[in-house]
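Q: Sequence:
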Amino acid sequence: MIQLIRGFKDILPGEVETWQHIEKIARSLFEDFGFREIRTPIMERTELFARSIGEDTDIVEKEMYTFADRKGDLITLRPEATAAICRSYIQHKMYADDPVKKFYTIGPMFRRERPQKGRYRQFYQINVEILGVSSALADAELIFLLKTLCERLAVKDVEARINSLGCPQCRPGFKTRLQEYIASVSDQLCTDCIRRKDRNPLRVLDCKVPTCREAMTNAPSILACLCDVCDHEFTLLQSALDRLNVPFVLDKRLVRGLDYYTRATFEIQTRSLGAQSAVAGGGRYDALVQLLGGPDIPATGFAIGFDRLAEIVQINRSEQKRKPDLYIAAMGGKSQALAFGWLCELGAKGFYAEIDFQDRSLKSQMKRAGRLEAPFVLMVGENELEKGFAILRNMSTKDQEDVPLDELVESISKRIKSYDDFNK
Numbered sequence: 001m002i003q004l005i006r007g008f009k010d011i012l013p014g015e016v017e018t019w020q021h022i023e024k025i026a027r028s029l030f031e032d033f034g035f036r037e038i039r040t041p042i043m044e045r046t047e048l049f050a051r052s053i054g055e056d057t058d059i060v061e062k063e064m065y066t067f068a069d070r071k072g073d074l075i076t077l078r079p080e081a082t083a084a085i086c087r088s089y090i091q092h093k094m095y096a097d098d099p100v101k102k103f104y105t106i107g108p109m110f111r112r113e114r115p116q117k118g119r120y121r122q123f124y125q126i127n128v129e130i131l132g133v134s135s136a137l138a139d140a141e142l143i144f145l146l147k148t149l150c151e152r153l154a155v156k157d158v159e160a161r162i163n164s165l166g167c168p169q170c171r172p173g174f175k176t177r178l179q180e181y182i183a184s185v186s187d188q189l190c191t192d193c194i195r196r197k198d199r200n201p202l203r204v205l206d207c208k209v210p211t212c213r214e215a216m217t218n219a220p221s222i223l224a225c226l227c228d229v230c231d232h233e234f235t236l237l238q239s240a241l242d243r244l245n246v247p248f249v250l251d252k253r254l255v256r257g258l259d260y261y262t263r264a265t266f267e268i269q270t271r272s273l274g275a276q277s278a279v280a281g282g283g284r285y286d287a288l289v290q291l292l293g294g295p296d297i298p299a300t301g302f303a304i305g306f307d308r309l310a311e312i313v314q315i316n317r318s319e320q321k322r323k324p325d326l327y328i329a330a331m332g333g334k335s336q337a338l339a340f341g342w343l344c345e346l347g348a349k350g351f352y353a354e355i356d357f358q359d360r361s362l363k364s365q366m367k368r369a370g371r372l373e374a375p376f377v378l379m380v381g382e383n384e385l386e387k388g389f390a391i392l393r394n395m396s397t398k399d400q401e402d403v404p405l406d407e408l409v410e411s412i413s414k415r416i417k418s419y420d421d422f423n424k
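Take the sequence shown: its letters are residues 1 to 424, numbered as in our numbering.
Everything labelled a hint here was simulated from the structure, so no lab data went into it. Source: prediction; values computed, not measured. We put the CB at the ideal spot given by N, CA and C, even for glycine. Just to be clear, a hint being listed does not mean it is correct.
[Claimed, not checked] Pair by pair, the computed Cβ-Cβ distance ranges are:
#: 1; residue 1: Ser134; residue 2: Asp32; range: 34 to 40 Å
#: 2; residue 1: Asp359; residue 2: Lys387; range: 16 to 22 Å
#: 3; residue 1: Cys190; residue 2: Asp32; range: 27 to 33 Å
[To be verified] Here are the computed lysine-lysine pairs in the DSS-like style, where the Cα-Cα straight-line distance is at most 30 Å:
#: 4; residue 1: Lys349; residue 2: Lys417
#: 5; residue 1: Lys24; residue 2: Lys367
#: 6; residue 1: Lys321; residue 2: Lys208
#: 7; residue 1: Lys321; residue 2: Lys387
#: 8; residue 1: Lys71; residue 2: Lys102
#: 9; residue 1: Lys62; residue 2: Lys197
#: 10; residue 1: Lys252; residue 2: Lys349
#: 11; residue 1: Lys9; residue 2: Lys93
Using the sequences provided together with the hints, build the complete structure.
A: Now the structure itself:
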């Protein structure tokens, strides 16, 4: 028996309804705020991610699915969406008429990391991006969107955590202070942190190894090193969140795992996930568009871990599962042929009908109609065909009526619609 590749998963009926529910709520919310959907390929040139994410990151060093195509060009299954969206924004010159663009996308990403609960090698993300706005109010809008989405999905125990990573003007001073601190605790750090401490010391703050996290407890905060502009923008973000009644926590250790982030960075955490508490994260990436060959255009965005979110969103799956509007119990070959035609006509009109293709007994078919919770059963056999009508049974009241065969689909459609309108 061939089984799934390790780190991948099937999303089965009974589970997929939760995913559809999340997508429906998310799309509605984002579009109310003026975001438009964009869909980019799942494969891009490797160079796109090496340049944008950073060659010293775990993603580029260890986790990307990269291979050479027939011409020898390096191709990578996308490990994240932001770089691809920026590539599309630049390639299609979407900044020409108006640089301000608001996008969202939903789809699979790929990273070869250790599989664990809520984390897969093919995982899904919801990404939201604002390009062309430098104000911290755009960051506040995104955090408010995340809070609102969690409320609409009934996700509880949600907490926003924010920090600033500074800019190219103020970050060098902080890096120097951080490197001095790292040198004082280097004997407590893992080999990856030792390797990164000179080239990318901020990544040491992001290490998940317990001993490293303990060693970095008293590390300096970048908030004490912000330049006037970064300090003003971070204060503006906090003031906006206060006005929007979005509670937040200042977290000096909050850095993102990708190199392109600057200034505001944020996470949405929930205790519902246990140790893996982050369900969404993002921040500002003002230099990325220019880094990838476009104009100097600021941007900000976030990504939601769809797999993790689906674990904690509770819906009544029995209500999400669509039940047949009608079950057609047909006995005999001629009746089955007619029933199949009715089923297709009803489906084309937006009504869901089920039939049995195995010519089982009426008793067996009635049991199946009950299991499927069909409100009506249409019974037709040789006797009914001779008389020119089928028998429609209301499964709740047990009432039965004759339905002429010559206008059966139209008559059934009206009865189902009346039933649905009555039960709304």
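Q: Run every hint past the structure and note whether it holds.
A: Going down the list of hints, with the structure as the test:
1. Ser134 <-> Asp32: 34 to 40 Å: 24 Å, violated
2. Asp359 <-> Lys387: 16 to 22 Å: Holds, since Asp359 and Lys387 (Cβ atoms, about 20 Å apart) stay within the stated range.
3. Cys190 <-> Asp32: 27 to 33 Å: Violated - the Cβ-Cβ distance for Cys190 and Asp32, about 45 Å, lies outside 27 to 33 Å.
4. Lys349 <-> Lys417: 11 Å, holds
5. Lys24 <-> Lys367: Status violated; Cα separation ~34 Å.
6. Lys321 <-> Lys208: Distance of about 40 Å is beyond 30 Å: violated.
7. Lys321 <-> Lys387: The hint is violated at about 37 Å.
8. Lys71 <-> Lys102: 36 Å, violated
9. Lys62 <-> Lys197: 18 Å, holds
10. Lys252 <-> Lys349: Distance ~58 Å between Lys252 and Lys349 Cα, so the pair is violated.
11. Lys9 <-> Lys93: With Cα atoms ~37 Å apart, Lys9 and Lys93 exceed 30 Å; violated.
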